[in-house]
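Asks: Work out the full structure, taking the sequences as your base and the hints as a guide.
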Amino acid sequence: MNIHAATATAAVSISRLDKTYDTGFEALKGVDLEIRKGEIFALLGPNGAGKTTLIGTVCGLVRPTSGEIRVGGYDVIKDFRKTRAMIGLVPQELTGDRFETVWATVKYTRGLFGKPQDDAYMEKLLRDLSLWEKRNDKLITLSGGMKRRVLIAKALSHQPQILFLDEPTAGVDVELRKDMWEVVRKLRESGVTIVLTTHYIEEAELMADRIGVISRGEIILVEDKNELMRKLGKKDLTIQLQEALETVPAPLADLGLKLANGGTELVYSYDSQSERTGIASLMAAISEEGIRVKDVSTHQSSLEEIFIGLLKDR
Amino acid sequence: MNLYAIKAIYMFEMARWWRTITQSIISPVVSTSLYFVVFGAAIGSRIESVEGVSYASFIVPGLIMLSLLQQSLSNASFGIYFPKFAGTIYEILSAPISHVETVIAFVGAAATKSVILALIILATATLFVDVEVQHPFAMVAFLILTALTFSMLGFIIGIWADNFEKLQLIPLLVVTPLAFLGGTFYSISMLPEGWQTVALFNPVVYLVSGFRWSFYGTADVNVWISLGMTLVFLGISLGIVTWIFKTGYRLRT
Chain W
1 MNIHAATATA AVSISRLDKT YDTGFEALKG VDLEIRKGEI FALLGPNGAG
51 KTTLIGTVCG LVRPTSGEIR VGGYDVIKDF RKTRAMIGLV PQELTGDRFE
101 TVWATVKYTR GLFGKPQDDA YMEKLLRDLS LWEKRNDKLI TLSGGMKRRV
151 LIAKALSHQP QILFLDEPTA GVDVELRKDM WEVVRKLRES GVTIVLTTHY
201 IEEAELMADR IGVISRGEII LVEDKNELMR KLGKKDLTIQ LQEALETVPA
251 PLADLGLKLA NGGTELVYSY DSQSERTGIA SLMAAISEEG IRVKDVSTHQ
301 SSLEEIFIGL LKDR
Chain R
1 MNLYAIKAIY MFEMARWWRT ITQSIISPVV STSLYFVVFG AAIGSRIESV
51 EGVSYASFIV PGLIMLSLLQ QSLSNASFGI YFPKFAGTIY EILSAPISHV
101 ETVIAFVGAA ATKSVILALI ILATATLFVD VEVQHPFAMV AFLILTALTF
151 SMLGFIIGIW ADNFEKLQLI PLLVVTPLAF LGGTFYSISM LPEGWQTVAL
201 FNPVVYLVSG FRWSFYGTAD VNVWISLGMT LVFLGISLGI VTWIFKTGYR
251 LRT
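If you read the sequences in order, they're chains W and R.
Letter by letter, the first sequence follows residues 1 to 314 of my numbering.
Letter by letter, the second sequence follows residues 1 to 253 of my numbering.
There's no promise every hint is true.
Unchecked claim - Below, a list of computed lysine-lysine pairs in the DSS-like style, where the Cα atoms sit at most 27 Å apart:
no., chain 1, residue 1, chain 2, residue 2
1, W, Lys134, R, Lys84
2, W, Lys178, W, Lys147
3, R, Lys7, W, Lys124
4, W, Lys82, W, Lys37
5, W, Lys115, R, Lys84
Unchecked claim - Computed footprint of chain W on chain R, listed as stretches where at least three residues anywhere in the stretch have a Cβ under 8 Å from a Cβ of chain W:
no., segment
6, 2 to 8
7, 85 to 91
Since the hints were made in silico from the structure, they are not lab data.
Don't be surprised by glycine CBs; every beta carbon is placed ideally from N, CA and C.
Replies: Right, here's the structure in full:
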């Protein structure tokens, strides 16, 4: 047995990966990344950051210029049969053989990936994805959301250990998006490692165990999602007032309070990780000023805000 | 060897063929029948026999070869071009399937279709004219080798083409003229001497000549030279296909 395979703990391990296209465009620059077995890893980044290229190099669509990629411990070029058999890919574009039926197209993919026909598994797969009723329908007759499901069914047709989802819920309505998240969760429970790229940061926030951020071909951050939210998260304390203020009294302005919502709210931003948030002295100062408080709420900054902040810093 | 993948692509391609049965089988049979009516019955009745064979019978191998070339090219080029056009090529590129297996599946399917079609045309021809096959094994060998060679050429065209116009360009502007000038409707010996030499640079001459020999035992060039040249063309096509996959030309970015 290959020594790397025996010692592998990572589902995907990428080191010093470069990709320069024939046009001279450097899509990936020295990417090092490790995807752990069984996790949901979200890869975030703006358009053209290199997300799809990175997935492409792992799946065999893009030839790396240099560097090494291992899947389950095997090299994706030397042992391409082993690595590709482990991977399922759901592409960004809604492609498909328009005149094929759902059943035929999923069966075709299973064959391509070297698996014998297994009607029982296929039925379970199509039922899980709510495609069973549509199995004899041609792809051309399906809605965008159903086509996306077919692509997922195709990617899962050979029972892969790692699933790549490139923008899985692009153009999918809210209801269907929630269904897909459920599908992804179930897959993870069954032990499948999931790598997803997304524009919907809400999606990463909701689903991912770890988050990687890629910008201009470089991985600028890989972090546990909760850790990331904790580290970079800012909290806003909003104090709703009984009566609107015209200006912030000087002692409160000195503490960093700002007026919002036509003077009916005071907003205080603070680092939720800090030992001294200053909230106690703030409330005391408000009371001293004789300001009557109606309600108090806090808001944790979303991943999207963190993400925008990260990219701005570069 | 990923036999399941070869089978999947092969069956998929064959299913596509059956789905478009009118376009893929009936129309070539109808157009070839028209050739028999026009060249065989109408014009052929005024032409003396060629090398001891009636003109209508003489053109049968040439017509079959003409269809075989066209169908091999169009089946194979469309087979690989369409997934590129539709975007479904990603599946083949990300599957655990080697280049050799991909070629076997696509070229095998295209060649199968064109051989079946050639046999249907041969059967149709017997309705119009007397056809005799003196060397059936040689006939089948020439059919298969030519179908494979031109299917591979079609596969190359399908990979090279990045629009439908290019897909039609080589078959229309190069292969069809070469087929017409390659002795489909006449014997090379009927040409003026200078042109006979020029004709020998046309690869189709060797294919038609060898194929016609398997029918009537007469040929423009020695049958072994025909066979040799057919194998050379197959080798060249194989070489180009190997290069395409090695370099990822127009497939992988």
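Asks: Would you mind marking each hint as holding or not holding in the structure?
Replies: Structure-based check of each hint:
{"no.": "1", "hint": "W:Lys134 - R:Lys84", "verdict": "holds, 26 Å"}
{"no.": "2", "hint": "W:Lys178 - W:Lys147", "verdict": "holds, 16 Å"}
{"no.": "3", "hint": "R:Lys7 - W:Lys124", "verdict": "holds, 23 Å"}
{"no.": "4", "hint": "W:Lys82 - W:Lys37", "verdict": "holds, 16 Å"}
{"no.": "5", "hint": "W:Lys115 - R:Lys84", "verdict": "holds, 24 Å"}
{"no.": "6", "hint": "2 to 8", "verdict": "holds (count 5)"}
{"no.": "7", "hint": "85 to 91", "verdict": "holds (count 5)"}
In this structure, every one of the numbered hints holds.
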